[in-house]
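Take 1004 as the starting number for the sequence shown in the working numbering and just add one per residue.
Calculated from the structure, these hints are not laboratory results. This one's a predicted model, so the numbers in the text were calculated from it and none came from an experiment. Do not take every clue at face value.
[Stated by the list, open to error] Across the chosen pairs, the derived CB separations fall in these ranges: (1) Ile-1015 with Asp-1089: 27 to 33 Å; (2) Gly-1102 with Pro-1014: 26 to 32 Å; (3) Arg-1021 with Gly-1141: 29 to 35 Å; (4) Gly-1024 with Asp-1140: 53 to 59 Å; (5) Arg-1107 with Pro-1063: 17 to 23 Å; (6) Thr-1153 with Gly-1076: 36 to 42 Å; (7) Gln-1077 with Arg-1021: 31 to 37 Å.
Cβ atoms here follow ideal geometry from the backbone N, Cα and C, with glycine treated the same way.
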Amino acid sequence: MSALPKLNFPPIRLRARRRGGGEEVEIWDPVRGIYLVLTPEEWVRQHLIAYLISHCGVQPTRIVEEYAVPLNGQPQRADVVVVGDDARPLLLAECKAPGVSIGRQTLAQAVRYNSVLAARYLILTNGLTHYCCEWRDGTYVRCGSFPDLTYARQSMSLKRLDILSVPASETKKGSLAKMNISYTNCLYR
């Protein structure tokens, strides 16, 4: 595997090992308690999870990775779901590899999953660019920052991610800001 890029998250410490003495690297996933093959998407997911725990107040026991989403009779899986006190999804996050742009397909995937899960917050990230929005009054509304989920209750404040905010008008063609959608998204770089 080629070197993984520095992400727009604080650095994290990972426990790693070579699989069977070969070239494939595995990392310890503290949430699931297993070793996983280190892929670019897993690199992003582990950084997001560490950020949710260390900066957004999420208890590790409230995080579910590869959350089952029954959609049109087909089993699907959301990358990361944070559940609230009532064990219902509160935040749904979709992670992509750093080289994958966050665009219409990623948004459509998250919205489809959320049509079943009804989480209050959506996060889309490739580790370099982050979008966060909140479902409010029947529409998605941009968040000025990631949600503070210290108590994982329905009334929460917001926590700012310490990276540069970029106006939606300055994003690349094909990004969420260029889509004809009835809500705004929060873009961090």
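Verification of the supplied hints:
no.: 1; hint: Ile-1015 with Asp-1089: 27 to 33 Å; in the structure: holds, 29 Å
no.: 2; hint: Gly-1102 with Pro-1014: 26 to 32 Å; in the structure: violated, 20 Å
no.: 3; hint: Arg-1021 with Gly-1141: 29 to 35 Å; in the structure: violated, 50 Å
no.: 4; hint: Gly-1024 with Asp-1140: 53 to 59 Å; in the structure: holds, 56 Å
no.: 5; hint: Arg-1107 with Pro-1063: 17 to 23 Å; in the structure: violated, 32 Å
no.: 6; hint: Thr-1153 with Gly-1076: 36 to 42 Å; in the structure: holds, 37 Å
no.: 7; hint: Gln-1077 with Arg-1021: 31 to 37 Å; in the structure: holds, 35 Å
Against the hints set out earlier in the document, violations occur for numbers 2, 3, 5.
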